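Engineer: Take the sequences, apply the hints, and build the full model.
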Amino acid sequence: MQQGLSRRSFLALAGATVTASGLAACGSAGPGSSVPVDSATMWGLTGASQNYVDKSVAAWNKAHPDQAIKLDFFANDAFKPKIRTAVGAGQGPTFMWSWGGGILKSYVDTGQVLDLSSFLAQNPPVKDRYIPSVLSSGMIDGKTYALPNNNLQPIILYYHKEIFAKAGVSPPATWDELMALVGTFKAQGIAPFALGGQSKWPNLMWIEYLLDRIGGPEVFRRIAAHSPGAWSDPAVLEALTRIQQLVDAGGFISGFSSITADSNADQALLFTGKAAMLLQGSWIYQTLKTGAPDFMKSGKLGFTTFPTVAGGAGDAKNIVGNPSNFWSVSATAPEKQRQAALAYLKDGLLTPADVDTTITDGGVPVLRGIDAKLAGSADKEFLTLVYRMATAAPNFQLSWDQALGPVQADALLANLDQIFLKSITPEQFVTTMNRTIAT
Amino acid sequence: MIFAVFALVPLVGVVVLSLTRWDGLGPITWDGVNSWARALADPVTLNAIWVTAKIMVFSFVVQAPVSLLLGVFTAGRQRYRAVLAVIYFVPLLLSSAAVAIAYKALLDPNFGLGPGLKIKSLAQDWLGNSNLALFVVVFVIAWQFVPFHTLIYQGGVRQIPASLFEAAQIDGAGRVRQFVAITLPQLKYTAITSSTLMAVGSLTYFDLIFVLTEGGPGYSTRLLPLHMYLTGFKANDMGAASALAVILVVVGLLLAVLLQRIGGADRSASQLEGL
Chain Z
0 MQQGLSRRSF
10 LALAGATVTA
20 SGLAACGSAG
30 PGSSVPVDSA
40 TMWGLTGASQ
50 NYVDKSVAAW
60 NKAHPDQAIK
70 LDFFANDAFK
80 PKIRTAVGAG
90 QGPTFMWSWG
100 GGILKSYVDT
110 GQVLDLSSFL
120 AQNPPVKDRY
130 IPSVLSSGMI
140 DGKTYALPNN
150 NLQPIILYYH
160 KEIFAKAGVS
170 PPATWDELMA
180 LVGTFKAQGI
190 APFALGGQSK
200 WPNLMWIEYL
210 LDRIGGPEVF
220 RRIAAHSPGA
230 WSDPAVLEAL
240 TRIQQLVDAG
250 GFISGFSSIT
260 ADSNADQALL
270 FTGKAAMLLQ
280 GSWIYQTLKT
290 GAPDFMKSGK
300 LGFTTFPTVA
310 GGAGDAKNIV
320 GNPSNFWSVS
330 ATAPEKQRQA
340 ALAYLKDGLL
350 TPADVDTTIT
360 DGGVPVLRGI
370 DAKLAGSADK
380 EFLTLVYRMA
390 TAAPNFQLSW
400 DQALGPVQAD
410 ALLANLDQIF
420 LKSITPEQFV
430 TTMNRTIAT
Chain P
0 MIFAVFALVP
10 LVGVVVLSLT
20 RWDGLGPITW
30 DGVNSWARAL
40 ADPVTLNAIW
50 VTAKIMVFSF
60 VVQAPVSLLL
70 GVFTAGRQRY
80 RAVLAVIYFV
90 PLLLSSAAVA
100 IAYKALLDPN
110 FGLGPGLKIK
120 SLAQDWLGNS
130 NLALFVVVFV
140 IAWQFVPFHT
150 LIYQGGVRQI
160 PASLFEAAQI
170 DGAGRVRQFV
180 AITLPQLKYT
190 AITSSTLMAV
200 GSLTYFDLIF
210 VLTEGGPGYS
220 TRLLPLHMYL
230 TGFKANDMGA
240 ASALAVILVV
250 VGLLLAVLLQ
260 RIGGADRSAS
270 QLEGL
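Chain order of the listed sequences is Z and P. First residue of the first sequence: 0, per numbering that gives the first Met the number 0; consecutive thereafter. First residue of the second sequence: 0, per numbering that gives the first Met the number 0; consecutive thereafter.
Careful: at least some of the hints might be erroneous.
[Stated by the list, open to error] Capping the alpha-carbon separation at 20 Å, the derived lysine to aspartate or glutamate pairs in EDC-like fashion look like this:
hint : chain 1 : residue 1 : chain 2 : residue 2
1    : Z       : Lys421    : P       : Glu165
2    : P       : Lys233    : Z       : Asp76
3    : Z       : Lys273    : P       : Asp124
4    : Z       : Lys421    : P       : Asp30
[Claimed, not checked] Taking beta-carbon pairs under 8 Å as the criterion, some of the chain Z residues facing chain P (in silico):
hint : residue
5    : Thr84
6    : Gly87
7    : Gln90
8    : Asp108
9    : Ser257
10   : Thr304
11   : Val406
These aren't lab readings, by the way, just hints derived from the structure by calculation. Just so you know, these numbers come straight off a predicted model, no measurement behind them. Glycine included, each C-beta is placed from N, C-alpha and C at the ideal position.
Structural biologist: Have a look at this one:
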């Protein structure tokens with residue numbers, strides 16, 4: 000080489016260093032934690048509940064510095080494998096966020112969560128504050144293993160009021176009306192439905208509702224009970240066929256299989272007017288309030304129940320979704336952390352301040368007697384609809400990927416994805432899913 | 000010692016785990032070869048092997064010529080070569096996950112680069128179409144790893160004695176003739192190293208593809224390492240995932256040995272004979 004570091008190569012090196020350090024500094028600093036290292040740990044989800052959990056734990060830590068909680072947030076899709084791996088390795092958090100159902104059962108079967116039945120018996124105010132049907136979703140074999148911790152999350156049909164007004168149509172009350180709307184909107188160059196196909200779990204909402212409307216809740220109950228051949232029920236085939244008919248008719252926005260729900264891309268399609276409707280959970284109301292405030296303030300978001308299917312056996316008032324999310328307490332955490340966790344569940348969870356935060360954010364806490372507060376909020380139309388839907392529903396079906404065990408859930412998501420992509424037929428789906436019951 | 004701790008012990012662990020049945024939470028039960036049977040009987044596994052083979056071949060076809068030409072260019076003495084070399088190298092410095100997130104946003108059919116610039120042909124459903132997704136994956140991998148192989152080739156070209164080129168020039172050989180007759184043959188061992196890394200690397204590509212497509216749409220970009228992860232951590236079948244891991248290790252080793260044999264690295268031939 001020539002004499003030492005030439006000016007040119009020095010400049011190049013400086014340029015590279017600046018670029019590299021600029022890129023490295025692009026990440027945001029993690030949340031500053033001033034809690035002691037051996038505190039109870041809590042893993043929450045980003046998105047709708049994040050604000051209220053953040054405030055709730057901050058208030059608790061301020062009032063009880065000796066029983067402080069260390070809080071971390073994770074995105075939904077990343078959280079699910081992460082917590083299972085951590086719990087399996089014995090490094091799980093003290094507070095375990097779950098949806099109840101099959102995953103909670105797998106924690107119970109492996110002795111990873113505390114039995115909270117005696118805790119509830121000793122603290123009647125805690126037990127009585129919850130809506131009974133939601134509280135019972137945290138029970139396995141008659142014992143309580145998880146307490147509801149946030150809001151009612153039924154699946155709702157959202158629509159863009161302005162697009163509907165321009166087209167001169169109203170939201171569909173029956174499936175046939177829905178199929179007719181597909182043609183109307185396509186003629187105007189607007190996608191009828193947005194769908195977060197890459198995340199796969201938004202696909203579930205369609206088959207959950209369709210199966211319930213067509214065959215009633217007993218069909219899935221048989222599937223969840225692992226009765227052999229339960230997937231072969233004709234209602235399953237009909238539901239899948241109707242989904243594929245909707246796909247064929249162009250009901251979903253083109254490119255739906257590359258749209259993720261975690262990044263709120265499906266919501267963006269709705270509020271930017273590229274899609275007319277979206278079938279999603281009540282939680283997106285809260286994210287829309289922060290992500291699209293102008294859209295929400297101008298009252299362009301409409302919401303209604305899922306249409307009925309002609310000749311279906313299911314009650315039109317049945318809903319699907321998540322009754323709530325739950326906190327379980329790790330059975331393997333040190334005694335001090337468990338005590339702190341139980342203290343928070345007793346006095347720090349869903350305090351009146353938390354209730355106000357949740358309602359202001361646009362969610363309905365899973366508590367009894369909050370009708371007055373809901374009616375007094377700025378979002379009372381949506382909140383009272385959700386509250387009525389959830390409390391009046393004869394059956395509130397838990398999302399299938401949570402209700403079933405992990406192996407079946409993974410097969411279900413992969414095969415349903417292929418149904419939407421039209422790579423397999425409904426009959427092949429049924430055969431594959433029946434095989435997962437057998438193994 | 001370090002190799003034993005970080006490579007051999009986990010390898011033995013995985014082989015043992017592949018003979019058990021475990022869902023990540025419960026007890027580990029001895030299962031014999033059932034996990035192997037489950038892993039191999041799954042049609043998705045065969046598809047994953049096929050996808051891996053396709054990615055390996057396409058990656059090689061795209062990356063090898065580009066890296067070679069860029070490597071020769073950056074080894075030369077053109078003006079601003081050093082600055083351009085640094086710029087070409089930047090993609091490799093970026094985290095694969097960050098690259099994948101950025102490309103996912105750019106390739107979004109509704110909010111990405113195509114719709115933004117209003118270029119219709121760029122606004123395809125890149126990551127949602129089973130046929131396009133694989134080529135997009137190959138492109139993004141190439142974008143990130145061409146700099147790495149460029150560096151290897153650059154080092155290789157620098158090693159060629161200048162006297163060979165001078166002799167050729169005296170004999171009247173032009174640039175192209177010099178390239179074909181001197182540069183390419185002298186780069187033989189470099190090419191083998193680079194190709195081995197490319198081939199074995201494509202057996203371990205995980206983070207980029209996981210973030211970009213998660214194996215989708217359907218199973219069209221679900222290559223074997225990704226299939227192994229999803230079997231283990233999504234479907235919670237650790238036994239089958241371990242069986243797949245052992246298959247990956249064996250195939251990787253065979254591939255590396257094969258490539259070295261083809262290149263004749265064991266014949267201790269020198270490329271500098273007569274100099």
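Engineer: Return the numbers of the hints above that this structure violates; sort them in rising order.
Structural biologist: 1, 4, 7, 10
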